[in-house]
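Peer 1: Each chain, written out:
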Amino acid sequence: MQETFYDVMRRQGITRRSFLKYCSLAAAALGLGPSFAPQIAHAMETKPRIPVLWLHGLECTCCSESFIRSAHPLAKDVILSMISLDYDDTIMAAAGEQAEAIIEETIQKYDGNYILAVEGNAPLNEDGMYCIIGGKPFVEQLRHAADHAKAIVSWGSCASWGCVQAARPNPTRATPTHMVPGIADKPIIKVPGCPPISEVMTAVITYILTFEKLPDLDRQGRPKMFYSQRIHDKCYRRPHFDAGQFVESFDDEGARKGYCLYKVGCKGPTTYNACSTVRWNGGLSFPIQAGHPCIGCSEDGFWDKGSFYDRLTKVKGFGIEADADEVGKTAATVVGGAAAVHAAASIVKHVAQKGKEE
Amino acid sequence: MSVTVTPNGFNLDTSGQRVVVDPVTRIEGHMRCEVNVDENNIIRNAVSTGTMWRGLEVILKGRDPRDAWAFVQRICGVCTGTHALTSVRAVEDALNIDIPENANSIRNIMQLSLQVHDHLVHFYHLHALDWVNPVNALKADPKATSALQQSISKHAKSSPGYFRDIQTRVKKFIESGQLGPFKNGYWTNPAYKLPPEADLMAVAHYLEALDFQKDIMTVRTIFGGKDTHPNWLVGGVPCAINMDGVMAAGAPINMERLNLVKSITDRTIEFIDNVYIPDLLAIAGFYKDWMYGGGLSSQALLSYGDIPDRANDYSAANLMMPRGAIINGKLEEVHEVDLRNPDEVQEFVPHSWYNYPDEGKGLHPWDGVTEPNYELGPNTVGTKTHIRELDEGAKYSWIKAPRWRGHAMEVGPLARYVIGYMQGHEEIKDQVDGVLRHLDVPITALFSTLGRTAARGLEASWAAHKQKYFLDKLIANIKAGDTATANTDNFDPSTWPSEIKGVGFTEAPRGALGHWIKIKDTKIDNYQCVVPTTWNGSPRDNQGNIGAFEASLMNTKVERAEEPVEILRTLHSFDPCLACSTHVMSEEGEELAEVKVR
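Residue numbers (my numbering), protein chains in the order written: chain A, 1 to 358; chain B, 1001 to 1598.
Don't read these hints as lab results, they were simulated from the structure.
Any given hint could turn out to be false.
To be verified - Computed beta-carbon distance windows for the label pairs:
(1) 1355/B x 184/A: 42 to 52 Å
(2) 185/A x 1472/B: 35 to 45 Å
(3) 101/A x 1161/B: 36 to 46 Å
(4) 1244/B x 213/A: 45 to 55 Å
(5) 220/A x 1386/B: 53 to 63 Å
As the list claims (entries may be wrong) - Covered by chain A, per the in silico footprint, the following chain B stretches (three or more residues, Cβ under 8 Å):
(6) 1183-1190
(7) 1498-1512
Idealized CB from N, CA, C, for every residue including glycine.
So here's chain A without its partners, still in its complex pose (with noise of 0.2 Å):
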């Protein structure tokens, strides 16, 4: 018989109290309000820890760093009480046969019934040589944990897009877990970012588990939730921006009053992740609130769109108030334009507005 979430915290030393306080800080962690804690208290109450199997192919592991980071839950909550991760080659006390055998195990107990976690991603040059797990090719063990799972989250950047190892001229054809000739056709959600938010990858883990379904995607694959605004659209500089002031060199005034970082590079008008809204680690900062610009980490091909410090789009010319406002609703490519057309129009705003202060 299988214990549910609920009955594995009672027995782990948690009391009720405790645990109906964890659900309301759940469901404030997943932006829903106070009124969904009962319904994740009832999910919590009625389901065993789901075996999660977490492989790595070609990765750096900021995305399991960032994990061990998440502030709510704690990481700690998640891997015990949450569900079952059975198979991590970075944490886990078993090696060699041992670990390997636990994949077959997992197989055999849970077909169909468990979360395959992808961090990185499978090169297919070489045979799949340049990753090798086991004796043999990481592309292998993945399309294999993949035939057998219920859904794949693709962890960051390197699993959803390809990231640093597929950027040109991606030497090892280092491909992201969709498009791996052969794999199961399996859901699979996208959470990219490098890393993704720490807070953002647990929040998808817990929004599965509560809600007993997986997140709606947009046409990407990313879950919409976190991943359907651009940095720019609730960034807190974002009024610098519409008035035109800017960060003209690092360390310069504008940079010590916190003003937009658009003309020093700054990639968030076309960059979808919540950066801006959820922050990180624990909702402390984002890159821009450290004034550095956006680089992008959660796009695709982020690293072959020229220097993190140029600016988005050599488009002059002067727009009008007008199309900024149209900026939301075009797609990433044009809003790189729309978004200079805009800065445009902030400045000449700006040079309005001095002209007739003085």
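Chain A is fixed; fit chain B onto it per the hints.
Peer 2: Below, chain B alone, put in the same frame as chain A:
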């Protein structure tokens, strides 16, 4: 004859049973290890293999050097930032850029917080399960655990009730049958020596450290905007300072932010000194008869040095982490190290999956060549895509073999501590002598798996205190009226000479790290990284010298050949980082066509 003697003094005997560990887990990246054990279960031959390759340097070719830090930072997300720092230093070296004092202090704070975080997470979450048996913790008396805790430190969480709660949580977890990360561990192996009370204390701290580690890194979120992978800047740091001017509240660094850094720094020191160090000493006390794993540590050690006290002075005298090289076991003779000297650092590939024009020779990183060449030797057991046993007489790893003046070297905290000790570095001497006294062991005890693990812990404490030193220094400098954080004089590529080159270095948590860059017409012409695990995890070289991982496994007794606890224990003591070690790639001639694309 199956016995060969390596130039660096190891007798390799391949006649015994071959034991394969793949994957080696609880490391960063992917690694394989094969050993031969004799009839007494003693390791008589060791083979260490990097099993991944990403080709980052060829990807860097033609890019903007100011962007390089972001690419190379993605070499590793565990030692996140150290590659980025090395990169901005290399570019600044090429462009002759001096950075402001505040930028130096902030970079040091970020680098030191990484040292602390990395060492702490390594000890509890990657290494501890080699020494600590969570199943045995269930037998502990919480009162005895409490007494043990209170006898070794003033850590507040020390009551019998606290340990009872932890024990209950672990018990229920194990009894659930869903063992998660502890599944298939070697929990009945006699290699585990701790009494149940110590196991329970360590398990409690495994969980506490998992909670606390995320706080340590918030320092880097404040200065770098996010962590993992904070942001850096050629010429300084991107976080401008505004203490009391208009709009200070929206500025990257203001009073509130500095207070947060101070609070985290103080709590970090407390956790390291009250939890990590006492645990380390307590656990080491139960294993001090297990003196395996010395390998190259008493023979050949290398450190580049790091943590410049004053900005822009990279001379050994200004570096707070020591620089030097020890070879041939002559500990008292510490050699100077020059990363620009073509005769010092060189990489070899006769046993690595790369081609050189002349594989008998090594190449300095500025002149490095890399062409991947995955081929297995004639004595391989298995096939190209299903390796059962490797042939170490041929090419067998995605890691190159770097050598210092022809010597295989060990790098890392132990190398830094032995070199610092021999140079008379006072803080290091005090720490090391204190531990040796506490454990009542001779200085030779340092040259072991445990010595490596102990040096890492001592360094975490040193780094936490130095983090405070640089925060105080930053505040004093701001108080003196200097708020500069970036020098952008040479930021515009149109001001650059057409051909320049530079080298940058740091001491990454795992050891000496160097990046060599050549810039031509404002773009990267060549970029080479020689990283700590390339040194430690290197395969054999042209002379047949074995690397540090391989050397450290030699002559170790394993309790059960089929349960690789001892192998993991010693490999983990280096904190292997395979993504770091196996990305190496390219030189000017390396057009993409030369990369074998099938």
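Peer 1: Which earlier hints can't be squared with this structure?
Peer 2: 1, 2, 5, 7
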